[in-house]
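With the hints as constraints, model all of the structure from the sequences given.
Take a look at the letters that make up each chain.
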Amino acid sequence: MSRYLLLFLLNLPFIAAAILNTTVNYKLGRSSKRSFVFRILFWVLILAGLALAQPIYDFLFSHKLTESEPLSLFDVAQITGIVIVFYIANRTRAKLDHLERRVQDLHQELSIKLSQKD
Amino acid sequence: MSKKANLRACVVIPAYNEAEAIGEVVNNLKEKMQKSPYNFEIVVVNDGSRDRTSDNARKNGATVIDHILNSGAGGATSTGLSYANQHDFDMAATMDADGQHAATDVIKGFLKMEKSNSDLLIGSRLIDSKGMSKVKVIGNKGLSFITYVLFGINSTDSQSGLRIFSKRALRSLRWRTSGYEFCSEMLWRAKQLKLNIGEYPIQAIYTEYSKAKGQNNWNAFNIIKSLLKRRVMELLHE
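Chains as they are written, first to last, in the numbering used here: chain H, 1 to 118; chain Z, 119 to 356.
Fair warning: there could be bad hints in the mix.
Not everything, but these chain Z residues come out facing chain H in the computed CB check (under 10 Å) [what the hints assert, rightly or not]:
1. T181
2. I183
3. S196
4. R294
5. L353
I should point out that these hints are in silico values taken from the structure, not numbers from a laboratory. Backbone N, C-alpha and C fix where the C-beta goes; we use that ideal spot for every residue, glycine too.
This is the structure in structure tokens:
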């Protein structure tokens with residue numbers, strides 16, 4: 001199997017999951033339209049970059065814009081690792097943000113309720 | 119003056135280590151509000167102070183909400199306005215605890231809110247900046263400019279702590295930042311909710327105490343950093 005195809009296939013599930021999460025959040029009213037468009041564009045760009053990795057490399061190489069070796073298996077693993085880290089970081093950040101908001105709300109409600117008890 | 123029986127106004131004062139000034143601020147406000155046409159309640163949100171802020175405010179007749187943890191000016195203001203919303207007040211105001219704002223300006227704001235169709239009225243110290251130091255004028259104008267660039271909101275004093283809220287604003291307005299940057303974020307959220315934002319001139323009273331307690335001008339950089347972060351994070355996560 002071509003290494004470029006392997007790179008694409010390995011990363012496809014993560015990008016598909018990210019696009020699906022973004023769409024679900026938007027449809028459930030948890031994100032604005034602007035944010036939805038921005039995030040979809042972001043992941044589609046990464047997907048396009050991976051899908052067109054070979055023609056992009058060939059173009060850069062033929063125009064002497066890169067001196068690097070063609071894609072190795074190590075490169076495939078490394079790029080996949082970066083995409084996974086990106087995906088996890090993005091999800092973690094969203095969860096942290098959500099938790100932070102919940103803790104703030106809880107603190108606020110607790111303070112009001114306790115003051116009424118006094 | 120007869121009270122407008124149905125109009126209830128809540129004045130929220132977020133306070134952190136303000137034991138020295140809070141008693142006089144509450145007392146003075148109470149005196150002026152008693153002469154106003156509103157049924158009122160003064161709510162001091164003690165944001166985890168380590169001094170006697172809470173006791174002094176209570177002693178002078180304010181309702182006190184004690185924050186268990188220090189949450190910043192934005193968090194304390196949010197708690198106070200949430201209390202006003204839960205208790206079904208018709209209007210609410212926020213003012214600083216260091217005596218920087220005149221009680222008469224709060225009443226002026228309530229009266230203006232009644233006459234106008236605004237949902238959020240900002241008491242602007244910069245329409246007439248007499249008495250304000252040049253450094254403070256430049257700092258505040260700079261932050262108002264940044265607010266305009268980031269959020270497209272044209273306000274002469276985006277950082278003012280004296281604000282008047284309509285019932286509609288009390289019900290819908292929420293923000294995320296907890297520090298002083300909430301002043302700009304609040305305007306942004308109000309714009310997103312299509313609330314009517316207005317301004318009216320107020321006087322800033324700078325005493326030695328309020329000058330010493332006031333924000334360090336370098337804090338402006340933290341505010342800008344936090345607003346930029348919030349703007350970008352909103353694109354990524356919300």
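For each hint, the structure was consulted:
Taken as an interface hint, Z/T181 checks out: its beta carbon lies about 7 Å from the nearest beta carbon of chain H, inside 10 Å. With 10 Å as the threshold, the beta carbon of Z/I183 comes within range of chain H, its nearest partner Cβ sitting at about 4 Å, so the hint holds. Of the supplied interface hints, the one on Z/S196 holds, with its beta-carbon coming within about 6 Å of a beta-carbon of chain H, less than 10 Å. Contact between Z/R294 and chain H, as hinted, is supported at the beta carbon level, the nearest pair being about 7 Å apart and thus within 10 Å.
The interface hint given for Z/L353 holds, since its Cβ lies 5 Å from the closest Cβ of chain H, which is under the 10 Å cut-off.
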